[in-house]
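Number of protein chains: 2
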Amino acid sequence: MTVSALRMESDRAAALDILAARFGSRFSRGAEIRRQHANTVNWMANQPPDAVIFVTSTEEVAEIVRVAVAHHVPLIPFGTGTGLEGHVNAPFGGISVDLSQMNRIVAVRPEDLDCTVEAGVTRRQLNEHLRDQGLFFPIDPGADASLGGMAATRASGTNAVRYGTMRDNVVNLTAVMADGSVIRTASRARKSSAGYDLTRLLVGSEGTLGIITEVTLRLAGIPEAMSAGVCAFPSVDDACNATILTIQSGIPIARIELLDTLMIRATNAFAGLGLPETPHLFVEFHGSAASVEEQAALFGEIAASFGGGGYQSTTRPEERTKLWQARHDAYFAARGLRPGAQVIATDACVPISRLAECVHETIADIAETGLIAPIVGHVGDGNFHVQVMIDTDNAEEIRAAEGFLARLSKRAIGMEGTCTGEHGVGQGKRRYLELEHGPALAPMRAIKAALDPLGILNPGKILPD
Amino acid sequence: MTVSALRMESDRAAALDILAARFGSRFSRGAEIRRQHANTVNWMANQPPDAVIFVTSTEEVAEIVRVAVAHHVPLIPFGTGTGLEGHVNAPFGGISVDLSQMNRIVAVRPEDLDCTVEAGVTRRQLNEHLRDQGLFFPIDPGADASLGGMAATRASGTNAVRYGTMRDNVVNLTAVMADGSVIRTASRARKSSAGYDLTRLLVGSEGTLGIITEVTLRLAGIPEAMSAGVCAFPSVDDACNATILTIQSGIPIARIELLDTLMIRATNAFAGLGLPETPHLFVEFHGSAASVEEQAALFGEIAASFGGGGYQSTTRPEERTKLWQARHDAYFAARGLRPGAQVIATDACVPISRLAECVHETIADIAETGLIAPIVGHVGDGNFHVQVMIDTDNAEEIRAAEGFLARLSKRAIGMEGTCTGEHGVGQGKRRYLELEHGPALAPMRAIKAALDPLGILNPGKILPD
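Protein sequences appear in the order of chains A and B.
So the first sequence is numbered by our numbering: it starts at 640 and just counts up by one.
So the second sequence is numbered by our numbering: it starts at 640 and just counts up by one.
Rather than coming from a laboratory, the hints here were simulated on the basis of the structure.
Treat the hints with care, as some may be off.
[Stated by the list, open to error] Calculated cross-link-like contacts (lysine to any residue; reagent style SDA-like; alpha-carbon spacing at most 20 Å): (1) B:Lys1049 - A:Arg823; (2) B:Lys1049 - B:Ala1039; (3) B:Lys961 - B:Arg763; (4) B:Lys961 - B:Glu767; (5) B:Lys1049 - B:Ile1005; (6) B:Lys1049 - B:Leu1010; (7) A:Lys1049 - A:His999; (8) B:Lys961 - B:Gly911; (9) A:Lys1049 - A:Arg1038; (10) B:Lys1087 - A:Ala1081; (11) B:Lys1087 - A:Arg823; (12) A:Lys1049 - A:Thr1008; (13) B:Lys1087 - B:Ala701; (14) A:Lys961 - A:Asp783; (15) B:Lys1087 - A:Pro1078; (16) B:Lys1087 - A:Ala1088; (17) B:Lys1087 - A:Leu1093; (18) B:Lys1087 - B:Arg705.
Construct the complete structure from the given sequences, taking the supplied hints into account.
What follows is the structure in structure tokens.
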């Protein structure tokens, strides 16, 4: 954040008055609304904005940006507030731009397998809308996040191993830039070599380069057949190695999720699955009926060669749903391991050849630190999550957790990986970017300064001070 | 290009003297070498640099950049010189940085399905190296281009419909930035949400934001089975509509190429294929033996429903090779339509729902303009190429061709497409960027100014004046 953004409070007050008059009941300074528009999902501080505006159009966002520029007021885009790294916090105050009322599905084009939605449309809303047309949007980060927020954080999730992440599935974006201009980042063509890839630059920029107001997304056809299964492994190493071989074998697996022993225990308790208490892979295959059967059989052979047991696949929707509901509920299941504790959900991602080693070392680290922290992972991408359950009233535990989180990020980076595969940087991971990117931080800073010279867009996020 | 880059000739001469002394026999001012390092592939002017340096390491490139910065000398990265839009021309003089001697394959990691190569490694060199390991790099733009050049132009080609373009297949890049710093754009993790996507920003930046010296690429396993076939259609519309339905049906087709009637005539003459003189689709399927058979059968049904005839698929390698050799030789075959003529190879890309309409209108335009211009296309992506054969001594023909090219770009943009799906902007398409991007040109310019304030990196490319 530049010094200029810290102008006199009186100036900020003037901006708020202008916007209050302009937006009427859609402008709020209420304490509870402000609190809800800062981080509420984990142990990180709740840093509320000065005000919240519920916008209904791209043009309104542009209006707000112009006022914010004139008065040097920070703007923090808000979708559903489910970001895990303090993305929506307002450490310098400012205005939360709530896009949840921009929830129109602008166009669905089955013939092009794409759609255009306003930024506040959530992925469930979109998928409910699409179902009748035999289409779906495959990116599933767990939470029912807004698609604008998912683009802004470069979200992915369980299906990414087959369908890619938001990086791969955004065709173009409409965004309001820090000068108040409205851009569309690209055409609707599937590929283009016409100039700099502003789409990919904004995807993952967490509201620090522009405010995304509309998203055009690739869609997929609902597969003719789906098959799912669970498989128990003697160890995390075996489960990881079975994953590696599955990917190397070119099986187009749609989901392959690791749950470590502790997470299986939690899930058994929460969802009554009755699985043996060892590491498991949850898998899913998409394709034609014949292809799904072939994939499942090949995976079964690979799993067996690593001691995988009890593997059965099913195409019955109710069994698949129960299984994936249990996986989706892992967050809540984990909370059951320590009722009343606060959850820190963190993630890391490494080249798949280092996955077994990284997960193995992480579990040893957890044991040594004495934390309660189950692991789930989108292991087909080398991506895994640790849910650290802590008592936030216990300073020693917080210190222990912080030490663990730092070691995890450094371990992943040291294995040619990244400190975050899908959660984003926000406030929580800023401190690791220097280690991960080194000299590449300089062009990132230069781009930020060029596109947001006043530093009004989501200050205090991504780039370290 | 900023005015500052047009400093006194004496200053540029000083820089050349410094670099001549430093690089000895790897520095050349020879007229023929300079000519070869500017555009030689089509009708566009040959605008040679002042000198050529054959570099052997990233550090040498950084040294050159530092001298170029100090003396405001333009630098033009050079791979194989196969770019089609004047990418390697030196309209303001300067130094061609020839990366062809940086041709080491640094690492192949079968366990991660990736590899790291120096920028001068060509795709054939890489694929020959990989073959024994059961792996391949799927992006195939036709020419045996360097992988650094392919990254710089966001190349794609026949396989992109299944495997994606360079945008999707570059894991990270090493690049020398305009301040002489060396960055690596990302880790080797398959996905990351840690900061701005510099990889995708440099992919397609055509040497205007940094000089790519090393590339880490995703690899694919050589499929267990491949099957290919040709299918004749009554009209281009039928061929395009069969393509659209194939994509919508979710068939994971590996290649689907349109050749219009004129191109079939040329290919018959050149390669002796003996195909009926109507539009054709050339297709290829990759997967397991069973999956390939299933895909081919499904495609056959779709093709038949659009009047497709004579469709036969084959898994025999020699037949597949003959077919795809004919497709690859389309450029040379087209030349046979008008011996002695110069070829303008251009491309455009539209949402697939607009493909039939766009190709149809383009063929009508060609007929009306009186040009000889066959069409081939990677139609699964909505991308097609027109090869305009002209007599460059005939001013009227040049004017007619220019008019056609402008209408083609505008037509594609008007159909929510792009003026170039894979060739890049270079010098040739700069004039259409304003129409295609509108207000989004401003952030592109801001990024260029931020990362290359002196404008020394490949000036006169991509961004219009």
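Against the structure, the hints:
Proximity of Lys1049 (chain B) to Arg823 (chain A) is assessed by CA-CA distance (about 17 Å); at most 20 Å being required, the pair is judged to hold. For the given pair, Lys1049 (chain B) sits about 15 Å from Ala1039 (chain B) by alpha-carbon distance, which is consistent with the 20 Å threshold. Note on Lys961 (chain B) and Arg763 (chain B): the hinted pairing holds, with a Cα-Cα distance of about 18 Å set against a maximum of 20 Å. For the hint pairing Lys961 (chain B) with Glu767 (chain B), the CA-to-CA distance comes to about 19 Å; that is within 20 Å, so the pair holds.
Between Lys1049 (chain B) and Ile1005 (chain B) the CA atoms are separated by roughly 15 Å; this keeps the pair inside 20 Å, and the hint holds. Taken as a hint, the Lys1049 (chain B) and Leu1010 (chain B) pair is honoured in the structure, with Cα atoms around 18 Å apart against an allowance of 20 Å. Under the criterion of a C-alpha separation no larger than 20 Å, the hint pairing Lys1049 (chain A) with His999 (chain A) is consistent with the structure, at around 15 Å. Straight-line distance between C-alpha atoms of Lys961 (chain B) and Gly911 (chain B) comes to about 10 Å, which keeps the hinted pair within the 20 Å bound.
Using a Cα cut-off of 20 Å, the hinted pair Lys1049 (chain A) and Arg1038 (chain A) holds, with the two alpha carbons roughly 17 Å apart. Distance check on the hinted pair: Lys1087 (chain B) and Ala1081 (chain A) sit about 14 Å apart at the alpha-carbon level, within 20 Å; holds. For the hint linking Lys1087 (chain B) to Arg823 (chain A), the alpha-carbon distance of about 18 Å falls within 20 Å, and the restraint holds. With a C-alpha separation of about 16 Å, the suggested pairing of Lys1049 (chain A) with Thr1008 (chain A) holds against the 20 Å cut-off.
Among the hinted pairs, Lys1087 (chain B) with Ala701 (chain B) is consistent with the structure: their alpha-carbon atoms are about 19 Å apart, no more than 20 Å. For the hint linking Lys961 (chain A) to Asp783 (chain A), the alpha-carbon distance of about 18 Å falls within 20 Å, and the restraint holds. As the CA atoms of Lys1087 (chain B) and Pro1078 (chain A) are separated by approximately 18 Å, the hinted pair is consistent with the 20 Å bound. Only pairs whose Cα atoms come within 20 Å are accepted, and Lys1087 (chain B) paired with Ala1088 (chain A) is accepted, the gap being roughly 12 Å.
This hinted pair checks out: Lys1087 (chain B) and Leu1093 (chain A) have alpha carbons roughly 19 Å apart, not beyond 20 Å. Restraint check for Lys1087 (chain B) and Arg705 (chain B): satisfied, since their Cα atoms lie roughly 18 Å apart, inside the 20 Å limit.
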